[in-house]
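As you go down the protein sequences, you meet chains C and U in turn.
Using this note's numbering, the first residue of the first sequence is number 1, and each one after it goes up by one.
Using this note's numbering, the first residue of the second sequence is number 1, and each one after it goes up by one.
Treat each hint with caution, since some may be false.
Unchecked claim - Selected chain U positions facing chain C (Cβ under 7 Å, derived; list incomplete):
no., residue
1, 20
2, 70
3, 75
4, 79
5, 81
As the list claims (entries may be wrong) - Here are the simulated DSSO-like cross-link-like pairs (lysine-lysine), alpha carbons at most 30 Å apart as the crow flies:
no., chain 1, residue 1, chain 2, residue 2
6, C, 136, C, 235
7, U, 73, C, 110
8, C, 110, U, 10
Keep in mind the hints are simulated off the structure, nothing from the lab.
Note that CB positions come from ideal geometry on N, CA and C, so glycine has one too.
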Amino acid sequence: MNETMKFGVVVFPGSNCDFDTFHVLQNVMRQETVFLWHKDSDLQNVDCVILPGGFSCGDYLRSGAFARFSPIMAEVQKFAAAGGLVLGICNGFQILLEAGLLPGAMLRNKNLKFICQHVYIKIDNNKTPFSQAGKKNQVLSIPIAHFDGNYYAPPEMLAELERKKQIVFRYCDENGQLTEEANVNGSLHHIAGVVNEQGNVLGMMPHPERASEKILGSADGQVIFQSIIDYLEKKTDSRKKKAGRITRPVVSPLPPHIGNL
Amino acid sequence: MKIRILVSLKPSVLDPQGQAVKNVLHTLGYKSVKDVRQGKFFEIELESLERQEAEKLVPEMANKVLANPIIEKFTWEIIEG
Numbered sequence: 001m002n003e004t005m006k007f008g009v010v011v012f013p014g015s016n017c018d019f020d021t022f023h024v025l026q027n028v029m030r031q032e033t034v035f036l037w038h039k040d041s042d043l044q045n046v047d048c049v050i051l052p053g054g055f056s057c058g059d060y061l062r063s064g065a066f067a068r069f070s071p072i073m074a075e076v077q078k079f080a081a082a083g084g085l086v087l088g089i090c091n092g093f094q095i096l097l098e099a100g101l102l103p104g105a106m107l108r109n110k111n112l113k114f115i116c117q118h119v120y121i122k123i124d125n126n127k128t129p130f131s132q133a134g135k136k137n138q139v140l141s142i143p144i145a146h147f148d149g150n151y152y153a154p155p156e157m158l159a160e161l162e163r164k165k166q167i168v169f170r171y172c173d174e175n176g177q178l179t180e181e182a183n184v185n186g187s188l189h190h191i192a193g194v195v196n197e198q199g200n201v202l203g204m205m206p207h208p209e210r211a212s213e214k215i216l217g218s219a220d221g222q223v224i225f226q227s228i229i230d231y232l233e234k235k236t237d238s239r240k241k242k243a244g245r246i247t248r249p250v251v252s253p254l255p256p257h258i259g260n261l
Numbered sequence: 001m002k003i004r005i006l007v008s009l010k011p012s013v014l015d016p017q018g019q020a021v022k023n024v025l026h027t028l029g030y031k032s033v034k035d036v037r038q039g040k041f042f043e044i045e046l047e048s049l050e051r052q053e054a055e056k057l058v059p060e061m062a063n064k065v066l067a068n069p070i071i072e073k074f075t076w077e078i079i080e081g
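This is chain C alone, in the form it adopts within the complex (with noise of 0.2 Å):
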């Protein structure tokens, strides 16, 4: 392998995912991964920033209310305005909204039970870069595990998300139906997953990395790390092509479908 996309996980105290997400990058996907500690004010130079699952900094007062105000979250938020892409992964979806990177609020789940167990959910819109592996309305199978996995968001908010296409997994059962019973932690409109305004910024409370090797039962998450490395290279491709091509004007490498930026 010669050039891989560079990823890196963010480590808070109580992330308990971490490891796992690490492991799927480098050794399944077989990318280069570091660890991101939250007291640290560099990136690295990563592609790819991902905030893993657990309970940063114990989910005191409410899930991922303290870790927004971690030292690297600033440097995430930079990095997310600029353009770069940036997964967050159930407790990481729970930063992502407490932080304002992503619209919406968790409330508990509507049975108040820790969920834990693998649904479904399928693909909405298969536009995003975390998300264009897949097929639109392909069902994936990926667990879930959460307390406070209730998606809310005001309704004016909630037109918003429909309109712009933002909501990118909903859960629904095997056969790809919004029933009721698929809807497990109640959220509205039966939201798993929403991308920002930007496409560029990703929450979801499935767990892909928990589903990416079939000698765990599903490898369907690899669709999501499939989708951001086909982007990022992508993207890397076209901008040496136009670092040859110098009479071109330069060209957003953002994707084209944010055309309201």
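Since the structure of chain C is already known, use the hints to place chain U on it.
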């Protein structure tokens, strides 16, 4: 100076924990209970401040950390000093 801050879910947000408490109260025979909303309570001791300063500081702390303004609202009062 001592202040008290109450944080609770906005009326428009479903409160499953409050609902569970309501159900228990009904089971125990308290049929007059119509609704229960639950929340968080903070008692914060501040260095002695002018009232004006506290009026600036407390909402700032509440909006930034103690409450999530998307789902929660807060009220506060000075209880001492």
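Structure versus earlier hints - violations, ascending order: 3, 4, 5
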